[in-house]
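Number of protein chains: 2
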Amino acid sequence: MSVPETSRVYTLARRPTGTPTPDDFDLETRPTPTPGPGSVLVRTLYLSVDPYMRGRMQAGESYAEPWAVGDPLEGGVVGEVVASNGGGYEPGTIVTGNLEWADYATASPAELTPVDPERGPISASLGVLGMPGNTAYFGVTEVAQPTAGETFVVTGAAGAVGSVAGQIAALNGARVVGFAGSDEKVAYLEDELGFDAAINYATTDDYVAALEAAAPEGVDAYFDNVGGPITDAVFSNLNVDARVAVCGQISLYNATELPTGPRKLITLVEKRATVEGFLVSDFAPRFETATRQLAEWVAAGDVQYRETVTEGLENAPEAFIGLFEGENIGKQLVKVGERSDGH
Amino acid sequence: MSVPETSRVYTLARRPTGTPTPDDFDLETRPTPTPGPGSVLVRTLYLSVDPYMRGRMQAGESYAEPWAVGDPLEGGVVGEVVASNGGGYEPGTIVTGNLEWADYATASPAELTPVDPERGPISASLGVLGMPGNTAYFGVTEVAQPTAGETFVVTGAAGAVGSVAGQIAALNGARVVGFAGSDEKVAYLEDELGFDAAINYATTDDYVAALEAAAPEGVDAYFDNVGGPITDAVFSNLNVDARVAVCGQISLYNATELPTGPRKLITLVEKRATVEGFLVSDFAPRFETATRQLAEWVAAGDVQYRETVTEGLENAPEAFIGLFEGENIGKQLVKVGERSDGH
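Chain order of the listed sequences is E and F.
Residue numbers for the first sequence follow our numbering, beginning at 771 and rising by one.
Residue numbers for the second sequence follow our numbering, beginning at 771 and rising by one.
Just chain E, with the same shape it has in the complex (with noise of 0.2 Å):
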């Protein structure tokens, strides 16, 4: 497979005003760069859009930087290595990397890591064998710490990271309870991945109720990607020495103004509970031991994992705007190109 003379690149047209629009993205043709020195060109195969990447889109504070409008958009990508200036990859290596989201882009060696094809899928290692699964792994591992015989809550439940932390919280012997969006999600969390119960949030008016139904003995541990009212209840129903890791907060990330919600600290107080904050990209150093486990895990059937393949750059907007009205299932993802053996 040739490399075509001009291909496209997302730019960020402009910041966005609540939800994302398509508007706020422009796809450019531009002429298809050129690696130079020392780097190499990869062909994109996979992009992934996470919902991390609604910060990067305003100018505020946040812990990734922001995107300048104007400047190609960043993501997670599996790709091809299709052409080496002295970059240290053989033409053909499968990469994985934070590049542009564009049918090719340049990288240095140092910006890319070889994708072991042995260990699973290539557009694994963009979820379960990737940042969403290391993302579970060390929320679950290292700050929510669920034991056996504990309860532990997750939501977003049916996303990329949520799915992952309820099997592994699974794995160590907690009752696992998820939060989802859908009846679909519901089945898939209670009937595929064996959670022991899910709730509907989109179909339930009171969380407490619903979760005290699901959790009659009570919340002892808490994996939090989407913040609100939801996290209100779990909060009311949370065990003495609870621990809350606090991963994202996607219900809050298009909010125009910041929301409200009823002061909860002292709940704190009473339950001698712990509230985390963690960022994966701190627990670097140790992802190929976590990447390894999992893989082990998948291997073994003893985690799943579901993909949403949106296919085409030019719908990648659509599918990070659909994370935030929750239409994947299991780690997004879209498919750009093609590897040049067919795989």
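Simulated from the structure, these hints should not be mistaken for lab results.
Incorrect hints may appear among the rest.
Incomplete in silico selection of chain F near chain E, CB under 10 Å [unchecked claim]:
(1) D994
(2) G997
(3) Y1023
(4) D1052
Derived lysine to any residue pairs resembling SDA-like cross-links, with alpha carbons at most 25 Å apart [what the hints assert, rightly or not]:
(5) E:K1041 with F:T911
(6) E:K1041 with E:P986
(7) E:K1105 with E:D793
(8) F:K1105 with F:P792
(9) E:K1105 with E:V1079
(10) F:K1041 with E:G788
(11) F:K1041 with E:P1032
(12) E:K1041 with F:G825
(13) F:K1105 with F:E1077
(14) F:K1105 with F:E775
(15) E:K1041 with F:Y833
(16) F:K1041 with E:A834
(17) F:K1105 with F:T911
(18) E:K1041 with F:R826
(19) E:K1105 with E:V1068
(20) F:K1041 with E:G825
(21) E:K1041 with F:D1002
(22) F:K1041 with E:I1036
(23) E:K1041 with F:N868
(24) F:K1105 with F:G867
All C-beta atoms, glycine included, are put in the ideal place defined by N, C-alpha and C.
The hints should help you fit chain F onto chain E, whose structure is shown.
Just chain F now, with coordinates in the frame of chain E:
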């Protein structure tokens, strides 16, 4: 000094709505109780009033058991054993324990701890050498954990707990900033206790700006007694890896509806911060060690303390209500009775 045939006790007249009023308390006269077998009779010398007691006045869930309407109130007392029915303490012994708001109360030896008069004034066993001092000690050393060069912020900084917490943080080498509610308290913190800065929240509109000026390098450790908008401002100034020790939320205790505030959990992700609620009672096995350390610091002049003493059991409700108006500096006590030897 003989024991009178009748004496006084405060009971809960009704559950308060909002801020307690004197009508919520009944001062009753009763026959002075007689100690049963294995018990002693204690004359109250000092009674402690503490913010957490507000929780015991209402029926709702709290970490302290609710008082029943019509029942005697209870609180920390320093008293003198005046009669023993085989209760193990000699008359004349000074003891402390959780006893009734009364001139005289009976107690079993297990409820009492002897007060070592060598350690300081006996009233200090309700303050810096008692529960409030221990609360400050464990909240700082075990939860907030400020280290040399870090910035430590405390709310309710001129109170019994906050004033000691700030001084312990300073002993650890931290820069110490306190929030308090009057210029007199600010002067006390800065001029007498050696706080690096103090902020009068009652005359400050922009807590974030005031905190940025007082803690220009951000907040590494936060000891929260107050909650509400001050805590919101501190959260906005947290540094990476900050620790928040939640001790109390006095600004919320008299609320008739759960107050709302900005949702701040995403801040914990951005800053990888930890928020931990704690109860001093969980550290009971180590009280003796902590109290000995506090007594050494007091003797060396490294920790100073002040008491606000209200005279007369009949004024205990007023002293208690005053806690929520910020009327006290340091430990709020009620002087109830005199020692038999006139000390």
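Name the hints, by number, that the structure is in violation of.
Those not satisfied come down to hint 17.
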